[in-house]
Structures are given as C-alpha cells and as structure tokens.
Amino acid sequence: MSLFIEGRTFSFIVILISFATFYYMIQRAKRGEKLFIRKLAGLDAMTEMVGRAVETNRPVFFCSGTTGTLSSSLAPQLLAGVSALTHLSKLTAQNGARLIVAESHPDLLPMIDAVVKTNYDINGLEVPPDTVQYIPTGTSFTIAAGSIIKRENAAASVLIGPFSHASVFLAQCAAEVGALQVAGTARTLQIPFFAAICDYCLIAEDIYVIDAYVSRRPESVGSIVGEDPLKIAAGILCVLVAILATLNISWLTDLLSL
Amino acid sequence: MSQTFRRYIPMALSAAVGFITIITYFFYFPLVIQNASSALVSWGSILTAFAQGLGTIFLLRSHARRVIRRDQGEWIYSLVIIISTFIFPVLFFTHGDTSTLYKTLYQTINNNIGAGVWGILIFALTGAVYRAFRLQNLNSTFLLVSCLIVMLQIAPVGGVIWSGFPILGNWIMDIPTTGGYRGIMVTAAFGLIALGFRTLFGYEKGYLGGEE
Chain A
6 MSLFIEGRTF SFIVILISFA TFYYMIQRAK RGEKLFIRKL AGLDAMTEMV GRAVETNRPV
66 FFCSGTTGTL SSSLAPQLLA GVSALTHLSK LTAQNGARLI VAESHPDLLP MIDAVVKTNY
126 DINGLEVPPD TVQYIPTGTS FTIAAGSIIK RENAAASVLI GPFSHASVFL AQCAAEVGAL
186 QVAGTARTLQ IPFFAAICDY CLIAEDIYVI DAYVSRRPES VGSIVGEDPL KIAAGILCVL
246 VAILATLNIS WLTDLLSL
Chain B
2 MSQTFRRYIP MALSAAVGFI TIITYFFYFP LVIQNASSAL VSWGSILTAF AQGLGTIFLL
62 RSHARRVIRR DQGEWIYSLV IIISTFIFPV LFFTHGDTST LYKTLYQTIN NNIGAGVWGI
122 LIFALTGAVY RAFRLQNLNS TFLLVSCLIV MLQIAPVGGV IWSGFPILGN WIMDIPTTGG
182 YRGIMVTAAF GLIALGFRTL FGYEKGYLGG EE
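Order-wise, the sequence lines are chains A and B. Using the working numbering, you'd call the opening residue of the first sequence number 6 and step up by one each time. Using the working numbering, you'd call the opening residue of the second sequence number 2 and step up by one each time.
Treat the hints as calculated values from the structure; they're not laboratory data.
Derived, one-sided and incomplete: chain B residues facing chain A with beta-carbon distance under 8 Å: (1) Y26; (2) Y29; (3) G45; (4) L122; (5) R132; (6) A189; (7) K206.
Every residue gets a Cβ at the ideal spot worked out from N, C-alpha and C, and that includes glycine.
When you get a sec, could you build the whole thing from the sequences and use the hints?
In structure tokens:
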C-alpha cells in the first residue's frame with residue numbers, strides 16, 4: 006500500500022522543496038547577507054496615511070475583509086488582515102491618530118480586540134471607545150462600514166483581507182471623502198476594483214508578507230526571498246508543460262499529477 | 002505568565018494543529034489519527050459558531066452603550082439594532098421561521114435592503130470604471146481598449162457593429178486574462194506556503210499583535 010494519498014505526492018514534494026528553500030534563505034539572512042526585497046509602496050505609505058490623519062484630525066479606517074471565517078480556506082487572508090492591523094494600530098497609537106476598525110468576522114473579533122489593545126498598552130494608552138466596531142457580515146456590514154467612512158470623514162482607509170462585492174462600495178465611499186487608500190486581497194475577482202479605485206494596491210501574495218516586510222527579521226526576510234527561486238521554477242515548469250503538452254508528450258504532466 | 006498565554010500557547014497550538022492537519026492531508030495514517038485531524042477541523046466550525054454568539058454580545062454591548070450615552074444622531078439607530086436583534090429570535094421561538102409574520106418581516110425588510118445595496122453598487126462600480134478608464138499612461142490605454150472590446154463582446158450591439166468583437170473579446174478573456182489570473186494564483190500559492198512555514202515554525206507574529 007502506498008504511503009501517500011493518491012494525487013498528493015507532487016504537492017508534498019513542492020512543499021518540502023519550498024520549506025528547504027526558505028530554510029536555506031533564512032540561514033543566509035541570519036549570516037548577515039543583504040537580501041533584496043522589493044518595496045511595497047502600500048505598506049510604506051501607511052506612515053504617511055497616519056500622519057495625514059493626525060494633521061487633519063480625521064480618523065483612519067480599517068477593515069479586514071467582508072467574507073470567510075477562520076475555519077475556511079480564506080483564513081490566511083484574514084490573518085494577513087490582522088497583521089496589517091498590528092502595524093496600523095502601532096502607528097496610530099504612536100502618533101495619536103484615531104483608529105476605527107469595522108469588523109464583520111465574529112471569530113476574528115477577540116484577536117482584533119487583543120491586537121489593538123496590545124499596541125495601545127505598549128504606548129501607555131487606553132483604547133478609545135468604539136475603536137473596534139462589530140457589524141454582522143452581509144448587506145448590513147456593507148452599508149454600515151461605508152456609512153462610517155463617510156460620516157467620520159476618514160482621512161485614510163486600509164482594506165486588507167478577503168473581500169466580496171463590498172470591496173467596490175467601501176473603496177468608493179473612501180474615494181468620495183478623499184481618503185488615502187491602501188487595499189489588498191488575494192481574491193482575484195476583487196483585485197481589479199481595488200487597483201482601479203485605491204491609491205495603493207497589494208496584490209495577492211503581497212498581503213501575506215506584511216508582518217515579515219515590516220519586522221525585517223532575518224527569518225521573515227529569508228522566507229520572502231525564498232519565494233523568488235520557487236516562482237521562477239514554477240514559471241519554467243509552466244512553459245515546459247505547455248510545450249510538451251503541445252507536442253503530445255505527457256510524461257511531465259503525469260509526473261505533476263502524481 | 003500573560004506572555005505565555007498571549008504568545009507561546011497560541012503559537013504552539015497553531016503549530017501542533019497545523020502539523021497534524023498537514024500530515025494527515027498527505028499520508029495514510031491509522032484511523033485514530035485521521036479522526037483526530039477531522040475533529041480538529043470540526044472544532045474550527047464549532048468555534049466559529051460559538052463566536053457568532055460572542056459577536057452578538059459584543060454588538061449589543063457597544064450599541065447599548067450608545068443608547069445610554071444618547072450619542073447624537075446615532076442612538077436611535079442603535080436602539081433599532083438592539084430591538085431587531087431580539088425580534089427575530091423571539092418570533093422564531095413563538096411563531097417558527099415558516100410563519101407568515103416571520104417571513105413577511107424578513108422579506109419586506111432584509112430582502113429589500115439587500116436589493117437596494119446591490120442597486121447602489123452599480124453607482125459605485127460606475128465610479129470605479131470612470132477612475133480606471135481615465136487615460137493616464139500606456140497601461141491605462143491598454144485597459145481602456147481591452148475593456149471596451151470585452152464590453153462590446155458581451156453587449157448584443159457589439160456583434161452587430163462588427164462580427165470580430167465577440168471573437169476578440171473571447172480571446173482577451175480566455176488567453177491574457179486567464180493567464181494573468183493564473184500567474185497571480187501561482188505566486189499567491191507560494192506566498193501562502195511561506196506564510197504557513199512562518200506560522201508553523203513560530204516566525205509569524207503579526208496575528209499575535211506583533212513584537213513587544
């Protein structure tokens with residue numbers, strides 16, 4: 006009897022190779038080697054956004070997505086949203102900007118609450134009332150969150166996580182009040198809307214590197230840089246498969262479907 | 002102690018649950034381990050259901066605070082939320098969810114509001130399209146031209162104007178668009194594996210509130 010569940014052998018090999026590459030890159034980063042990470046303008050802009058909010062005495066709005074749960078396949082995107090909030094709440098607490106978090110995921114709520122509280126505690130501050138607002142997901146969330154952006158006249162809006170159709174509405178509300186916007190999601194259908202409306206757009210994998218990009222720990226930098234050779238290998242593999250499949254040669258396709 | 006509770010226990014739990022679910026996804030294991038893995042996945046759903054109750058308490062608490070404070074222009078809406086939160090469970094238990102009263106209230110309020118929001122989205126979309134279509138550089142020109150072709154492919158009038166629009170539109174959707182999306186998906190998958198690696202080995206600290 007085979008040890009592997011049928012059809013999952015190649016996926017396991019990919020994960021093993023990926024882990025080995027990340028480990029190798031982390032060791033290089035730990036040795037002090039300077040590894041290049043491209044700039045993520047959206048994350049760098051958060052400091053400017055918070056500064057603008059302080060200057061204009063307007064709040065910063067944050068939302069970690071409008072769909073998914075922590076037990077669904079969208080959980081990594083939700084955690085990416087929490088990482089973004091960690092960075093943002095640190096900046097708002099340090100600079101004295103008002104933060105409004107509209108949260109539609111009840112399972113994420115304790116985490117969101119704790120993240121904001123931790124960063125305000127570190128700066129010796131109390132979390133102002135109504136900083137984290139729970140609004141049940143669905144139509145009510147779309148309308149309520151959009152209304153908060155407009156009513157509070159947000160200076161900046163950060164939308165990072167798994168979004169549904171509400172992405173257009175929220176981004177448009179923020180654009181109407183002239184808010185500086187950073188938005189990111191790995192849901193491919195929503196990326197074009199964010200790209201069209203927002204000032205900065207984090208596309209797919211960009212949202213997974215927020216904590217690593219901001220912290221610049223060798224372990225984090227190494228794992229990000231480790232993705233590059235894997236992506237190049239995946240690209241080469243795609244081209245090879247396309248050529249071989251066109252020539253009716255199937256050994257590589259068979260190998261990938263192991 | 003609080004550091005242990007807030008940081009190390011969640012990290013250890015995440016790693017343990019992650020490892021068990023990953024290895025049982027790839028390998029055949031004795032039934033007891035397979036069942037343990039399935040149970041862990043089910044716990045996620047149970048916790049989510051429990052969190053719904055927690056969310057309701059959070060919602061009621063924050064809106065009750067607004068009503069007590071008589072927040073200008075807001076407290077009346079908070080009162081509506083509190084009343085609505087209780088009306089539906091009460092009606093469910095007294096009349097059942099198939100009763101005319103329950104259905105009427107739900108359909109006349111919730112469904113209409115939902116339809117209204119979808120209507121508003123059209124205006125938001127128009128705004129987004131306007132921003133995307135502004136000719137600023139070569140990229141936005143490509144976007145504008147390809148969007149116009151795809152629109153003419155979908156709109157029946159496109160085929161009447163020129164029979165090539167449907168063919169060209171289909172080609173744009175099937176070849177460059179699908180290729181682009183797949184590229185995004187492949188890179189996102191590697192990003193996800195890297196995130197999983199950092200979470201399993203305790204390098205990812207963002208979701209725990211960052212570094213202290």
